[in-house]
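Q: Chains A and B are the protein sequences, given in the same order. Residue numbering for the first sequence follows this note's numbering, starting at 1 and increasing by one per position. Residue numbering for the second sequence follows this note's numbering, starting at 1 and increasing by one per position.
Take the hints with a grain of salt, since some may be wrong.
Copies of the same chain are indistinguishable here, so a pair counts whether it falls within one copy or spans any two.
When the alpha-carbon atoms are kept at most 30 angstroms apart in a straight line, the in silico DSS-like pairs for lysine-lysine are as follows [to be verified]: (1) K87 with K301; (2) K87 with K244; (3) K301 with K209; (4) K156 with K231; (5) K209 with K87; (6) K151 with K244; (7) K73 with K151; (8) K151 with K301.
Hints in this document: simulated from the structure, not taken from any laboratory.
There are 2 protein chains.
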Amino acid sequence: MLAVCAIALVIAFISSTLVLAKSPALPSWNDTATTTAIEDFVTRITTEGGPDFVPVVDRIAVFDMDGTLIVEKPMPAALAPIVDGIKAAVAKDPSIAERSTIAAFLKGDRQALAAAGEAGMVELISTAIAGRTLDEAAADLGNELRSADGKLAGVKPYQPMLELIDYLEANGFTVWICSGSPLLFTRSFSEQAFGIPVERVMGTTLVTKFTERDGRSQLVVGDSIDHINDKEGKPPTINQAIGKRPLLVGGNVLSGGDIAMMRYSRDRDGPSLQLLINHDDAAREFAYAEPDNFSLGAAEKYGFHVVSMKDDWATVFAP
Amino acid sequence: MLAVCAIALVIAFISSTLVLAKSPALPSWNDTATTTAIEDFVTRITTEGGPDFVPVVDRIAVFDMDGTLIVEKPMPAALAPIVDGIKAAVAKDPSIAERSTIAAFLKGDRQALAAAGEAGMVELISTAIAGRTLDEAAADLGNELRSADGKLAGVKPYQPMLELIDYLEANGFTVWICSGSPLLFTRSFSEQAFGIPVERVMGTTLVTKFTERDGRSQLVVGDSIDHINDKEGKPPTINQAIGKRPLLVGGNVLSGGDIAMMRYSRDRDGPSLQLLINHDDAAREFAYAEPDNFSLGAAEKYGFHVVSMKDDWATVFAP
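Chain A on its own, in the form it takes in the complex (with noise of 0.2 angstroms):
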């Protein structure tokens, strides 16, 4: 019986060493179908005479950021640096606390605030930022995000995604962003988080206004939102700031937010891949679904690869 015990072991040693087997490019990430399916697929559009080559210009990765390069839950990173700009606005003019989000924000009611979604994310920043320059609510923004000693506090990047990044840009691939959250708030730890420069960000947009302050020209930030950058509002937004259908989307479960830029990526001519990324590992993240497991469906129908972080990933957080 312990012989018995001892081989079992011994099986089930070697066979979690074969599924921990890792790719030298990405460590983090297990030896699974999803993780060859991503280096198949690197390799057949980087191979000069293949049939499925694509020349660099054309490698264009692009993808969401809250809860697919970072955690979202259990409440998106923007919120939590905007704080002190809600309550300043507050203070001058009480009546903002009576709107439903605001109230909720203050309240802590994070029910309440996940179903204002997107749009109530974009009311709050607004609510903190209105009337400031973008100067000003970047600087101040970037300082919030950090620590004293110059560290990101609150945005907690998935190691495997920091990999697949490194490893597509060693690829040819030129990495943007294309977030819901607001394109003043990304831009203010892109570079440091994920080594992607501010002009490859898109994101959700506030109207600004150019004017003059104090003899200097500004941006001014106003109170109406020019974009919302979620759902078939993300393939607009990859046009204008990049012209091109991406060869590579990645993106995640939680409200079909990136299904559409998934679908024009996989509808360019030639090659693509797509990733969505599935939180279902309780024990190291959050597992959380689709009521109507829409991105799911849709990853069966237009046949994305779905990353499973239980499965797929052997590290989660850098440690």
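Once you have looked at the hints, place chain B on chain A.
A: For chain B alone, kept in the frame of chain A given last:
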């Protein structure tokens, strides 16, 4: 007397040679104060350890297109390839021909078209392509702008500006276009004409809508304007695309359309340079001025460098 004449001729020859002495990087520019100012600026911002050194990531140059990089008189290049589209739209719906801008266009009434301005041009473009997919419209534009051998027709770049772009890129600049012309139009030749890739083009945008046609996801061009990229509309576009104030901006005298983005550049923290091209060369191009001299007045007020096509450019067009 003959001797005096000969001496005068020799002096005239020497001084004209002196004026025409050419910079190795900018052979089509005369050796004038303007050319020296450009070269001095580039030397200062690239001198490591110097007081005006600017890191490569912030070396951003933004140029207007029509009248700055290419000829915009007698008519902007964007108008040439849309004749067929307009005629097709009118054939389908004759009432379209009654709209004032369309009527002026069909009659060849240049004065009325000029009065309709950028908004009129956008109306023409949207009439020509509304309802079509972006992919189709882009492919057709690309074909219409090229002759059978692939050469660009109807787009006439200024040789000194092509040299300036090369010179800036050789000094670590990233060069962008910020034009009032429709984004789709400018992108159809920016790489071929200027070596500027599509993702570094900003322009006037029409609303596009994500939808499905024949089983394939598409962006379809609407008949309404999303953003007119002119005057005070240019700095918000620059912020959305680049996220930084440009180090160098080039624009031209015509309607004051580039002054806002030149001020936006001038008011960055640290050094900057603005170039305002003055169309004062009736012999080699076209001479035109603003009735109110708005742009030249702004140049004086804000310290922009005025580029005289007549005096500063040795060559206007490539032979």
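Q: For each hint, tell me whether it holds in the structure or not.
A: Hint check results:
1. K87 with K301: neither (46 angstroms within a copy, 41 angstroms between copies)
2. K87 with K244: between (42 angstroms within a copy, 29 angstroms between copies)
3. K301 with K209: Close across copies (22 angstroms), not inside one copy (43 angstroms); limit 30 angstroms.
4. K156 with K231: within (23 angstroms within a copy, 40 angstroms between copies)
5. K209 with K87: For K209 and K87, the Cα distance is within 30 angstroms only inside one copy (24 angstroms; across copies 38 angstroms).
6. K151 with K244: Result: close only across copies, 22 angstroms inter versus 35 angstroms intra.
7. K73 with K151: Within one copy only: 21 angstroms inside a chain, 53 angstroms across chains, cut-off 30 angstroms.
8. K151 with K301: Neither way: K151 and K301 sit 42 angstroms apart in one copy and 43 angstroms across, limit 30 angstroms.
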